[in-house]
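If you read the protein sequences in the order shown, they are chains A and B.
Sequential numbering of the first sequence, starting at 4, is according to the numbering used here.
Sequential numbering of the second sequence, starting at 4, is according to the numbering used here.
Honestly, the hints are just simulated from the structure, not real lab data.
Heads up, a few of these hints could be off.
Copies of the same chain look alike in the list, so a pair counts if it works inside one copy or between any two.
As the list claims (entries may be wrong) - Pairs of lysine to aspartate or glutamate, DMTMM-like flavour, derived with a Cα cap of 20 Å:
(1) 276 <-> 540
(2) 259 <-> 433
(3) 465 <-> 333
(4) 259 <-> 66
(5) 267 <-> 43
(6) 465 <-> 517
Residue strings, one per chain:
2 protein chains.
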Amino acid sequence: MSAYKVSLRELRFFLWELFEADRRFLGAGPYSVHDRAYFDDLLVRARDFALELGRSYQAADLEGCQLLDDGQVRIPSHFHALWARFRDEWSNTLFGTEHGLPPILTQMIYEMFMGANPSFMTYGGFTRPAVKLLQMHGTPLQKRFIAPLESYRWDACFCATEPQAGTDLTAVALRAEPLDGDVYAISGEKIYISAGMHELTENTLYFVLGRIDTASPDSFSLSCLVVPRYWPDDETGELEPNHVECIGLPRKMGLKGCANTHLKFGAGKDGQKTRGWLLGGRRNVGLLQLMPLMNQARMSTGMFGVGVASSAYLHAVEYAAKRMQGRPIERASNTSAARVAIIEHADVQRMLLDMKSRVDGCRGLLGKLAATATHASILEHTPGADAADIEKHRKLQLLLTPVCKAFISDQAWRICETAIQVHGGLGYTDASPVEQNARDVKILSIWEGTNYIQAQDLVRDKLGFGRNSRLMRYYREELDAFLDTQNASGTDTDLRPYFDQLRRAADLIEAALDHIAAEVQDGHTHRSSQFYTRFLEMFGLVTSAWVLLESATIAARRLADTDVENDPAEAAFYRGKLKSARYYFANVLPLVEQHERAIASIGHAACSVSREELAQVE
Amino acid sequence: MSAYKVSLRELRFFLWELFEADRRFLGAGPYSVHDRAYFDDLLVRARDFALELGRSYQAADLEGCQLLDDGQVRIPSHFHALWARFRDEWSNTLFGTEHGLPPILTQMIYEMFMGANPSFMTYGGFTRPAVKLLQMHGTPLQKRFIAPLESYRWDACFCATEPQAGTDLTAVALRAEPLDGDVYAISGEKIYISAGMHELTENTLYFVLGRIDTASPDSFSLSCLVVPRYWPDDETGELEPNHVECIGLPRKMGLKGCANTHLKFGAGKDGQKTRGWLLGGRRNVGLLQLMPLMNQARMSTGMFGVGVASSAYLHAVEYAAKRMQGRPIERASNTSAARVAIIEHADVQRMLLDMKSRVDGCRGLLGKLAATATHASILEHTPGADAADIEKHRKLQLLLTPVCKAFISDQAWRICETAIQVHGGLGYTDASPVEQNARDVKILSIWEGTNYIQAQDLVRDKLGFGRNSRLMRYYREELDAFLDTQNASGTDTDLRPYFDQLRRAADLIEAALDHIAAEVQDGHTHRSSQFYTRFLEMFGLVTSAWVLLESATIAARRLADTDVENDPAEAAFYRGKLKSARYYFANVLPLVEQHERAIASIGHAACSVSREELAQVE
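Construct the entire structure; sequences and hints are all you get.
Rendered as structure tokens:
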């Protein structure tokens, strides 16, 4: 039995109806190799592999990872056979075309794989970014590692965090001392390195943030070192130990199949050194090199979240439809009334609609990001494309990235929590995978920059505390284009009020940003930062609502079609889209107003507090 | 190292300042045996034992429970020694006085014990209700079991749930067939029985809901059978097997030290029967007998929630105060600026205040319930007490019980989640107990009646869909008495706006109830029930705010005292109370308005949805 559930109908709606990926993306630029039929087949193939991955989801959680006495790390036993299949069946698909797949397609595939077995997917999880890093920055020698990475014979890992340097990377202390040319001796420790040691591949390349210049230890001048677990002999290519050790494997709340390693570099006895190459032979530009990849990791966090949450949601629907319990509230005391499936109870419907609308909203939010990236990428490959248009799409991509990371990770947690609740007592046990779903997604609000860091990135770095009005304008241009088109084309009258509500909600984002800008201008940056989390959530809510309303307008149109009318399953599917939007606009989106009101009165709502005021523990 | 943290200063504030337990409760009625000094000592003693309990909190989670081949259940090894201490040091304190301790004091003790090791506290967790049941309903023979229960030589368990009968107890199928007098042969299965089998005590008494009359299998006519694990010989008292078997032990998300048993009654080979006594010799009144005890269990759920959440909060404060990371946002790019503890960051302060105010609010909400019960109990023991006054307090107790159960369990989950977030990556590992805190409290929204059932109980059974205006009036009388007194006595002007805000928020509860009443009157009960969860939350939010404002007014008064002014720790403590209230009123309480608006537009916001509309899984 697979612990994973997915609805391909949903993914196809998303791709072909909502984002019109065939019309917009498949005809043009670097992605004209394949047509829609190819991708429909690919989705089926990916779904089948995802179901396979889901079969060892719970077993891997139970088995976990162990650090053995000889320093080896034992990962869940099922992962070895799965890895062979992943490598043989998917490396070519994922890397076989020059520019890869269109991001919006990759999103679908990774959503399924990560949703089905996120622990497994941490292995090889840095391969794509690593390949990009080497393509962009690698020296000719370093570029030789692209091939073994692309074929998944080698793995890659990103190593940033140290015990004293988590969110604050300027505190990184790992040392790199010049040996010969761009070869350095590496010494130091890194923690929380996902999939940091395993035997799935013959080698692992660690992309390690470290310090060559230690004169100004607090500066941002970090370098990126490429450190192999085994050093390939220059002549023979034979792999020799490079003295990287796993010295700890903390027990985690979830994601237990992912070896979360504490690594020590330069651990060789008798002074044997750990060697690494300076990426591109360039010192002190590590963060600059890696920053674009962090955005990739943030998007991946969103895919992981949507994938797991969507599966938890589908489990809840299935359970609610078959679990008989109680009678309708109007006939609760009539013991001769028939019992009903709990899906008949209004509060269970509330929970399911809440989950559905959030899953739909998050997938769509991520889709907006992927579609923007796809669009930009096509423009970049189109001779004579408008530079301003490219700029706009790249900026929108940057704007949406922190929103996706933080908002989706928070929503995924809520969705999984609700899935547990729908299951009742069963949901608290491993008779259903949903409790593991919740434990697994909890990491998402923490890793790749905590959610507050995303909010700060959005407000400060992306929107310049409101000074960078261009990004906000780009966003509104896109949103308003949707709002206007619909108004012009005479939308279903039932949906009309939602257009107004969405416009007002988007206005509130701008109002909130103005308030923050004024606060910062008045020197109250610190206290204003207590509200960035709310501000980011406003963005997530509005963008989700936007996608849900787009989906609803499509659904309304399709429902007017007699073919759909005569197909009960299809008609139900589209009615579901209408209800998802309706639920969200009435029950979830209004939260935006509360956020805006709090932000409008920061002076009143902000609270500073000290250790002593918070608690006295005797 | 104990995984538990508690602030006795907080508990003393709560008892002696906020609830004035000495003035109101210790002088009078059945509780005049002990004075404040005794209880202060008792708190210290309870705190010390709680810290001891906390030492095996994480080990018990790791070890869990196992069903052995011989049918025995192995529980965490540390629990045996702890149990001996609990039995020897606490049974007398908890049962030694005729009427027990005042509920508001028991609340404090159980908050600490359950907060420190909730799994451990499930053993013997039904002892107090069982003693009460036997006192109230037992036959003379059955009353003989009170002594071994009170001395914790025997344990007691409540057995209601069956695979097909969870929320819907009318579906209970366990059979009881008359054998001789009030002895019955019991056959059937029960699931999710907490602490259902162990060797801590020489015997366990199961209080089993079953069916004697099977003619109308759907009726509410259930009986309560008292079924011992070992049958005491009538003459010798020797214990013989009674053929109760544990046939399953599901793996759970948390609370892993609690043996969650699947029990089979009547499992003897060769037709050996499981025997039990009909409680009080009365058929078909099982639910009536047990109902008052369910209220007790709901209150316990609240104590468990507050205890664990409070400890998680205190861990977060401690970690935030010592974890150095990053620089103040205004000097973030100035790498020569000193790093600060994360407690200096505004968003971390937001998270800590959010947790603090919710912990304070939940503890106070529970305190209102316990104080009401204490008050009622004193009145009942006071000759000539006003019957209407007793009635009022007993009704208020009933009103607040479902609110406590559901609201606190939801809040505890949020608080633990935030505690994880404050800890960053560390919070996701067992280097801190907070991830276990979250896993442990997740059961609270499910057991003892899911949170929706609590909301339905509140709206339908307690408030009669708004027809029972008396309960609402009782609540408002108490709240208004606080609001009026404060207005009259010239409260701190800074707090004045909060009084108005609280009054308005309470008005919104009544408005929401009116909307629900109108919906029900118009025949829309079903759709109205989609909003009971929100309605219950309004009650929880307003009552929390009420307690926080009471605390703040006390704090404002104390801060005007020169003794306090000159005591930095005390002054900080009271400033913390002011800030907790201020944060809550500005940032949390406004949610009440959103709930009311949704309820005001039920016709618009309610959404019914079908299986087919929700999802299509291929």
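#### Entry: Hints that the structure is at odds with (numbers, increasing)
1 and 5
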